[in-house]
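Start from the sequences, fold in the hints, and give me the full structure.
So the chains spell out like this:
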Amino acid sequence: MKYETQKVALPFFMVAMALFTLQVVFGLLAATVYAWPNFMAEVMPFHIMRVSHTNLLIVWLLIGFMGCTYYLMPEEAEREIHSPNLAYLQLAIFAFAGAAALVGYQFGIHEGREFLEQPFWVKVLITISFLMFLFNTSMTLLKGRKTAINMVLMLGLWLAAVFWLFAFYNPTNLAVDKLYWWWVVHLWVEGVWELIMASLLGYLLIKMTGVDREVIEKWLYIIVGLALFSGLLGTGHHYYWIGAPSYWQPLSSVFSTLEVAPFFAMVVFAFTMFWKGSRNHPNKAAMLWALGCPTIAFFGAGVWGFMHTLSFINYYTHGTQVTAAHGHLAFYGAYVMLILGVITYAMPQIRRVQPYNQVLNMWGFWIMTSGMCFMTFTLTFAGVVQTHLQRVLGMNYMEVQMQLELFYIMRLGSGIAVAVGAGMLLYAFFGPVREQVPAGGTQITAGAGSV
Amino acid sequence: MADGLTKSAARNIFYGGSLFFFLVFAGLTAHTHWYMVNVSTDSAGLTESVKHGKEVWEKNMCINCHSIMGEGAYFAPELGNVWERYGGHENPEAARAGINAWIRAQPLGVEGRRQMPAYDFSDEEMSSLIDFLEWTDGIDDQNWPPHPAG
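Protein chains in written order, with UniProt numbering: chain F, 1 to 451; chain E, 1 to 150.
Derived from the structure by calculation, the hints contain no laboratory data. As the structure is a prediction and not an experimental result, all values here were calculated from the model. Just so you know, even glycine gets a beta-carbon here, dropped at the ideal spot from N, CA and C. One or more of the hints may lead you astray.
Some chain F residues well away from chain E (every beta-carbon gap over 12 Å; in silico) [claimed, not checked]:
1) His82
2) Asn85
3) Phe96
4) Val103
5) Val124
6) Met132
7) Lys143
8) Lys218
9) Leu228
10) Ile367
11) Phe381
12) Val384
13) Ile416
14) Gly423
15) Leu426
16) Tyr427
Interface residues of chain F toward chain E, partial, derived using beta-carbon atoms under 8 Å [claimed, not checked]:
17) Ala41
18) Glu111
19) Lys178
20) Leu232
21) Gly243
22) Thr323
23) Gln390
In structure tokens, the structure reads:
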């Protein structure tokens, strides 16, 4: 850690991981209801678990992005954070807003649009906190060195804030409501968040592989270009069946197919830099995350997205468990793994120790990732069966769901594996420092031994 | 990779191309907005009651179990076409009574079956909610879903 204020990231990472833990807990509860429908039916109905699960994800990812940005910005801008106190204050506001929303949900206090359920005043607090964050980091950037990494990152964060404003617009016409709702939801996760993802990944690769910045930054522009060229018009894959004109079907079938391209480019990017790199970075676990993140994002967001994005396929699969399968692996690969990777990279430096607990961290990686993949497979099978029975044969929804019970039980099992992996990972992050695994073990080695 | 391409060229392509695609997307969104208001939805039929029904829908967060036009939680049946499923096209009064009775009957308390909570809607709220569902069923959504089962 070259700059003292990089430690501002630590409380962000801690809050993010606390909320991540809660997200997993609510996910397990909801998965249990799928397997045993009467579970907690009176105490906490399913919709409360579900809104808690999704909102916790969104809030912790945003706090995680903030922490990553505070960690990265001093090194990239070559100066200390503009105001650490402002950072702590905006974290307090954001965490309070998120916690208030979560508690409110348990008592039925909420708005009613999916993912945007936060009460109005919570949305306002989130906006204020995010603007404080943007001010703080932008001031740091403006006075410091401008690189492709921090420029693309800040562009992604600013655009995320701009598109968030559509959350305040709720037209009475349901079709128009959906039209602009996607300006938040899609333009975040399949648009500007990819800028955040690619730049953070680029940062990790520069640090860990030692490949020349010029090369990495050129890749970065190409990747984010592909992301927005495909992702903007790709939004239309959500406009097929909501009362929009039919031209979205051919148009967005093409453009959302191209949405696979930036994710594929990120895989090639990460592995090429890994093999080209001359630096044998001691933090093997962070390298594993930096390679795993684009790989799982490619499958979850890219392949699983493509699987049901063509309009003539989506006509049958839209709103089935296929969507749930895609959603889980895409978020996990693209954003969860990204932030966990940055935390894995940053924590030893923030705690001023050598990379530690690496083996435990990597166990966490494999168990969690395997669990998420298995969960995705079970939901995909459930979705295919559901599509056939309900959308082709026209069977009644609830009868179809009874047929899917086995898949839901297996999904619960994979969720437990994810929770175990997450627990190991958190212990590796925050638990007592154990001795280093000596070099020369069965670790992946970056570049040094390769040609 | 693309040795001829410099970093600054890549940057310019990114900024220029993104702006171009954003403008195309914004233009098509504007047209879609116009199309929804004037062609695919019944703007004249968007009464105060339908608006209120949407508020009831949101206030009770129905979206976190049900889906509407394929978007939602997938835990409970699709409601974008529930009006059609209850035979509203042929017999609106029967559909209205049927949906009303079904919601009022919750929770069913059937062991091993997903359970919808009880909602203590006033008659006016219930009527508005059903108006909203009827209005939603009338949206021209390219014939989705493929089957009335939703």
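- [ ] Please write out, lowest number first, the hints stated earlier that are contradicted by the structure.
- [x] 8 and 9
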